[in-house]
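As a plain string of letters, each chain reads:
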Amino acid sequence: MSDARYAVGIDLGTTHCALSYVDLGKSEREEAVQDLMLVPQLTGPGSVEALPLLPSFLYLPHPDEFPAADLTLPWTGSEGPILGEMARNTGAQTPIRLVSSAKSWLCHPGVDRRAAILPPGAPEEQVSRLSPYEASLRYLAHLRDAWNHEHPYDSLAAQEVTVTVPASFDPAARELTAEAAQAVGLGHLVLLEEPQAALYSWIHDSAGRWRKQVHVGDIILVIDVGGGTTDLSLIAVTEREGALELNRVAVGEHILLGGDNMDLALAHVVNAKLTAAGKSLDPWQIQALTHGCRHAKEALLADPTLEVVPLVVPSRGARLIGGSIRTELTREEVTRTLVDGFFPQVPVNARPAGRSRTALTKLGLPYAQDPAVTRHLAAFLGMQIGATEHLPGFEAEGAGSFLHPTAVLFNGGVFKAGLLAERITQVVNDWLASDDAPPARLLEGGDLDLAVARGASYYGYVRRGGGVRIRGGTARSYYVGVESAMPAVPGLEPPIHALCLAPFGMEEGTQANIPPQEFGLVVGEPVRFRFFGSSVRRDDPVGVLLEDWSELEIEELEEIEANLPAEERTPGEVVPVFLRASVTEVGTLLLEAMPRDGPEHWKVEFNVRSTADE
Amino acid sequence: MSELLSSALNRVLLALNRARPALNRVLLALTAFWHILVDARFAATVVEVMADAETGSSDTPGGEPARLRKAEPNSGLQLLGLLQQQGRFIDFLEEDVGAYSDAEVGAAARVVHEGCKKTLMQHFSIESVRAEAEGARVTIPAGFDSSAVRLTGNLVGQAPFTGSLTHRGWRVTEVRLPQVASGHDLAIVAPAEVEL
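Sequence order for the protein chains is A and B.
The numbering of the first sequence is numbering that gives the first Met the number 0, which starts it at 0 and goes up by one.
The numbering of the second sequence is numbering that gives the first Met the number 0, which starts it at 0 and goes up by one.
These are computed hints drawn from the structure, not numbers from a lab.
Honestly, I wouldn't trust all of these hints.
The calculated DSSO-like cross-link candidates involving lysine-lysine, where the alpha carbons are at most 27 Å apart (straight line), are [what the hints assert, rightly or not]: (1) K415(A) with K117(B); (2) K415(A) with K116(B); (3) K415(A) with K211(A); (4) K211(A) with K25(A).
Covered stretches of chain B, going by a simulated chain A footprint (3 or more residues, C-beta under 8 Å) [said to hold, decoys possible]: (5) 107 to 121; (6) 132 to 142; (7) 161 to 171.
Backbone N, C-alpha and C fix where the C-beta goes; we use that ideal spot for every residue, glycine too.
Bound-form chain A, shown alone (with noise of 0.2 Å):
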C-alpha cells in the first residue's frame, strides 16, 4: 500500500459526480473521519462555485459565445469545454453542444466507446465532438484540479482513490473507466460497484451498530435508481471465525431507467394537457417544466394531503407575468404515471417486455424498453434464486419461485420521494408473503445523493484492514465462442460452443487456470472472438465447454479482439496460443493470449467496434 494521506472516493455518476475523501490518519477501527469535497464549477459566464455535486454535463462552446476570461476556473486558464452546472443549464438552450449521460454511451456495446460521436446530434463538422471515453476523463481531470487546488501538498495522484462504477458494467465500460482514471493520474486506483459502495456508506453511517441490524442469513437487496440507471445487487451475510461477512452474490442487468426518465414522463404528461389546451412550449420551457415537474412530484411524494402543485413555465422572454403558462400536476396524474407507470404492483412472474438488445440502435441509447422497476425487480430475483445456494448457513430455495431478500437498502435521488421506496418494499413484501417468507426490513441510509461517494472512500479506508469488507469478486463468468469441428452443411453455420475462460467470482489480483484449448492465430492480422458472460452460472471451471446453453443464462457480449504484432515473427504465420484470463488489482478483467512456445504475452481487446466501422 501507498503512504497516502487520504482515501479518496469518486462516484462517477450517469448525473452527477461527487468526491468524497476520509482521512486516513485520524481515522481508527470504524471510526472513519470522512469529509466531502465541494467543487468548485462554473455556475455562470464569470462565476465560480464550490458546490457539493459536479453536474455530469459538458458544454463545447462556440468560440464566439463566451469572452474567454469568462470562462476561468480557479486552477488553470479557460480553454476546453465547460463542466458541470453551468454546462448543463447553457446545455439546455443550445443542445447540440451538450454532452451528458457520458456514462451510459461508455457501456453502451453498440458503438466504439473510444470515437468522437457525442453529442450524437451535433453536427459533425460544426462542433468538435467528444468520446465516451473522453468525457469520462474530463469529469475526472476536474475533479483532480480541484482537490490539488485545494490540497496543493498532497496530491490526488499520491492517494488511495476508488471510482465507483455500476455492478451491471461490462468489462469493456470497467477497462475504459480505470483507463480514463489512470490517464488522469490517478496512480493507486480500485473500482467499486456501486450498489456496494451504498452498502458501505450505510455501514458508516451506522457506527458499528450495523452487526446488530443484519443476522447470519440474511440477504441484502440493494436498490439504486440514479438519474440515469438502475442497478441491483444481493448481498448474503455469513459467518466466518464468529465475525459477520458479507458476501456480494449476484448484480442485476444494465438497465437505463432511472430518475430522469420519470420526471420527463412527468413532463410529458403536462405537456400534453396544455397542447389540448392550445398552447405549447418551446424545448427550453420543456427543460424548465421537467425541471418544475422534479419538485411537485416530490411535494407530493412528501406530504400525501396534497393534492395538486401549481406549476408555473416560465417565458423566455422577459414579459414574465405576461408570457408564463400556469398549468398543475395532481396526485393522480404522478400516481398514474409515476407510481403505477415505473412502480406498477406486478406478480413475482412478471418479466420486463421487450429486452433490449444491443445491435438495434446505434444512434441513440439502448433504453430500458419497459419503464417498470418492479418488473426488472421480479426478473432479477427469478433469475438469482440460486445465488445463494453454495454459502454457508443458507437452505436451497425449495418452495419459492424467487430469491427471498431479508432486508432492502435503497440508494438515488429518486428516493428521496418516499412514496417510491414504500411502494417497492410493499410490492416485495407482498411476493415474500405469496411465498409464506416473513417480510423484508428496511435498512435506513444515509444521504441518497452522496452516500455512493462517501462509501467509496469509506472502502478504500477499510481496504488498508480499517472495518469490514465485502466479499465478491467478478459478479460474472466469461466465456469464448468456439466453432465446433463439424463437417461443414451448406447455409448451416457451424454450432458455436462457449469456452469457460474465467470463472464466477474471481477476487482482485488474481489469475485464472489456463484451459486447454488452444487457438491459432495469425501473426499481424487481428483476428476477432465472440465473447459471453452468465450471471447465474456460478460453478463453470475454466476450460469447461458447453454445447448449448439457454439466452436467459448467457449472454452474448461485444467481439473481443487479439492482435499479434509482427515482431520476431513472419507475418501471416499461425501460432498456437492459449487464452489466459485474470482480474487486476484494479478490479478489470484482463485477457491474453499465450503463444505455446514462447514467454510472450499480448492483451485482447474488449472495445474492438472502431476497426469494423472503419
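Go by the hints and put chain B onto chain A.
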C-alpha cells in the same frame, strides 16, 4: 467682545473646514486656543473630550469617528444577476402589474418566489435575531446591540426595556457568493438572448 470675536472666528473656521477640511489644522489649533482662553464652557468641553481620548471611551465605538463610505457596487450587481437568473427578479419588477389579474401576477410570483428563495438559501445563511415567537413579551437589557434590536413606540426611561416582539428580525450569518472572474462584466445582469 469675546463673544463677538469667537462667533466670528467660528464662522471662518466652519467655512474653511467645509472648503479644505484636511489642510486647516494650524488655523484650527489657533482658533481652539482662542476659544479655550475666552470661553469657559468651551474649555470645560475640551477637558472632557481630552479625558475621553485618553481612556479610549467616546460616543462613537472604537474611538474612530464614524465615516460614510460608498457601498461597493459589485456584490450588489452580482446578487441582482443571481436573482434575475434564478428568479426572474428584474423581469417581474419591470413589468406593469396593473395590466394583469391577480391570478396572472400570482402565477408569475411563484416563479419569482421559488427562484429567489433558492438563490437566498444557496448564497446566504439566515437566522432570526430573536428566537421568541412574535407577540411574546421580551426584556431588552442595558447595553443591548441597538443595531440588532430596534425599540419603537413608548420609548422612555432606562434599560431594561420590556415590550412585545413585533418582528423577530433576520441576521445573515454567512455569505457564500460565487467567485467572479476578474474580466467579467457584472453590470450585465441578464444578457440579451438570440436564438439561431
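Which of the numbered hints above does this structure break?
Numbers 6 and 7, in rising order.
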